[in-house]
Amino acid sequence: MKKILIVEDDEIIASVMDDLLRRNHFEVVLVGGADEAWEKVHQFLPDLVLLDIFIPETDGWELLKKFKNQIGCFCRQTKVVVLSNVSSTLNDREKAISLGALDFWLKANFTPSELLEKIEKILI
Amino acid sequence: MDTIGVTGPSLDWYKKFFDYAAVGMVISDDEFRFVEVNLAFCEMLEYTREELLKKSIFEVTHKDDVRISSEKLTKQFVGKISSFHLEKRYVRKDGKIVWGSVTTMSFPSDEKGGSKLSFAVIEDITRQKKLQEDLLNSEGSYRGLFDSVNEAVYIQDSEGKFLDVNKGAVKMYGHPKEWFIGKSPLDVSASGKNDMDKIGRLVGEAYKGEPQEFEFWGVRSNGEVFPKEVRVYKGKYFGKNVVIALATDITVRKQADLALAEAKARLEAILEGIGEGIMVVDNFGKIIVYNRVAQKISGYKFEEVVSRNFWEIVTFTPEGLSHQKSDFVRRTLSEKKLSEASAQLLSQKNGGKVLVSASAAPVIGKNRNLLGVVVVFRDITKLREVERMRDDFMMIASHELRAPMTAIKWLVASLLEGTYGSVPEPLKTPLFNVATSTDRLIHLVNDMIGVTRLESGGSKLVISNFDIKPLITNLLEIFGVETKRKNIRIVTDGISSAMVHADSDGLMRIFSNLVDNALKFTNEGGVITLTMKSDPEFLTIFVEDTGVGIPGNFVDKLFVKFGQIRSKIDGKPVGTGLGLYISRELARNMGGDLWLVRSEVGKGSVFGIKMLK
Chain A
0 MKKILIVEDD EIIASVMDDL LRRNHFEVVL VGGADEAWEK VHQFLPDLVL LDIFIPETDG
60 WELLKKFKNQ IGCFCRQTKV VVLSNVSSTL NDREKAISLG ALDFWLKANF TPSELLEKIE
120 KILI
Chain B
0 MDTIGVTGPS LDWYKKFFDY AAVGMVISDD EFRFVEVNLA FCEMLEYTRE ELLKKSIFEV
60 THKDDVRISS EKLTKQFVGK ISSFHLEKRY VRKDGKIVWG SVTTMSFPSD EKGGSKLSFA
120 VIEDITRQKK LQEDLLNSEG SYRGLFDSVN EAVYIQDSEG KFLDVNKGAV KMYGHPKEWF
180 IGKSPLDVSA SGKNDMDKIG RLVGEAYKGE PQEFEFWGVR SNGEVFPKEV RVYKGKYFGK
240 NVVIALATDI TVRKQADLAL AEAKARLEAI LEGIGEGIMV VDNFGKIIVY NRVAQKISGY
300 KFEEVVSRNF WEIVTFTPEG LSHQKSDFVR RTLSEKKLSE ASAQLLSQKN GGKVLVSASA
360 APVIGKNRNL LGVVVVFRDI TKLREVERMR DDFMMIASHE LRAPMTAIKW LVASLLEGTY
420 GSVPEPLKTP LFNVATSTDR LIHLVNDMIG VTRLESGGSK LVISNFDIKP LITNLLEIFG
480 VETKRKNIRI VTDGISSAMV HADSDGLMRI FSNLVDNALK FTNEGGVITL TMKSDPEFLT
540 IFVEDTGVGI PGNFVDKLFV KFGQIRSKID GKPVGTGLGL YISRELARNM GGDLWLVRSE
600 VGKGSVFGIK MLK
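Read top to bottom, the protein sequences are chains A and B.
The opening residue of the first sequence carries number 0 in numbering that gives the first Met the number 0; numbering runs sequentially from there.
The opening residue of the second sequence carries number 0 in numbering that gives the first Met the number 0; numbering runs sequentially from there.
These are computed hints drawn from the structure, not numbers from a lab.
Ideal Cβ placement from N, Cα and C applies to all residues, glycine included.
Warning: the hint list may mix true and false statements.
To be verified - Footprint (simulated), chain B over chain A, 3 or more residues, beta carbon under 8 Å:
#1 1-14
#2 17-28
#3 97-109
Go ahead and model the full structure; you've got the sequences and the hints to work with.
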């Protein structure tokens, strides 16, 4: 079972994602902030992190940098997709990729099933 | 009368006396004929004695003086008068006029004493008459001068009474000349407008020999009040000491002065009332105007900056480059062109700095020469704060608004997809409508944020040179899911690598908008084709769809902000009407354009995007 860490502070969105992924046989851990995410990434060792940009404590970009720059950490190899509610610009996408993420998704652009499809594609 | 020849000299002596007297003497009869004439008279008229003795008096009298001569002589002959004096004109043999002063007395011709003869002594006064005439003429020309000067001239006596005025005065006041005589300045004074005591004093001074000048408000015969400028001198008039006053109507000048003063006051009020700091420097860079706001922003008083070189006091440094002085004012001084400097730090008197936006405009004279530079600057500290607050608000609002909308979208989609169990048939349509409405809401919020950013200049364009092909590939990825869902193909075979000079984010937005629109209005199984055309300056990409097409009445409103709100094409809501507006603005801001190439209802539409290369 693939493991997914969802870093999302909006409880409803988080629960929809959680529900969707569990139903489709993923192991999911939900966290609402950067500190918890940093803690869980070491314990849970996820295959994919779905990282929202607007999260409490540190913003998503900072957390992404931390993941990717932590020398000797498992997390450097972890796949990360950045998610946002704010309209996607090419810059955000480029920024995400340059910081080591796989992609940048605008949440409202997809339905849950489309999201699932994209996630499955990444984790094949 | 009978004493002649009795006791005095002999008759011969009298004869000689008559003949050689220095004045003309004649004896004439009651038929006005010369009976005797002396030599002096002959010489006077240049006739011989013989010639004259054949003539009547009137034959040598000027025609205009015949009547008076005949009247006087007749009176004398009939005995009404015994003598008379007359100045009359004779006509010399050569036709010239000779003036004579004539004194006559009756001369007894017979014993009865009837006055049938007249004795006359005629003195030639031609010379005197000529002198007199010359004098008259010169007086006339003096009068002419007096009347022809443009100024009004008044001759006033020691008490200020008018003795004489010229035509200028008559014209100025509209009163006839006679009206003035004996009146004084008080009679032509506009009541309450002149200090008559002071004017009286000044005229008195002038009378003593000290020329004076003053303004005087007169009132014309029609009641009109007007200003005049008066100069008064001491003068002589027919031997009398007088004051000569020369006056000029200064109504026009006053009006011009007033208009000028008003214009100046208006300009000053504008300069002082305006919300911007204004500094004007002359063509040497010396400060000549420094308005209230400029003083407030910089802390320098006008007195502290006037006439000083602006660069010694009013210095601007570009924001973020604190060691570099801005030279936009100097640039305007040297190039005579408007220059603008958006974010500048202005040095204050107390050593502080204020964030301003500034511009410098040249003041060009009639001969295209530079008169100076007007520098306008505005404190944008507050504006900057508001901008930051707005950006924060936009960030929060866009996130906070979209998070719940995403949640709704996902929940409804999950419901419809059967994630939470099969949906009862009657609920499917309402749920589908919730999904559609949510999508519209998301779109609307996106567009509103886009417009706000665009119009506030919040989204600054980052222009760079890049290849268009990866951008199009990206575009296909973004719309991959959507195209699959609607079974629409996007054909990009016509797009090859090509460099463009644009803002990549902006361009992505434009293409997203066009493809989004094309998808919305193209039915299942349709095709969206992207092609490109290159010319030396621009690269143009055409986005063609096989959609429903745009009805004629929509074409005009297509690029207008909110132009199509609440409209429907083919039963589908068109959207906010902001997408194409934003896209076109973006394209134009990048130096390119966006336009509808063609559209046909039922066949599809083609949009063109022009980009700088």
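Find the hints from earlier in the document that the structure breaks and name them by number, from lowest to highest. No hint contradicted; all consistent.
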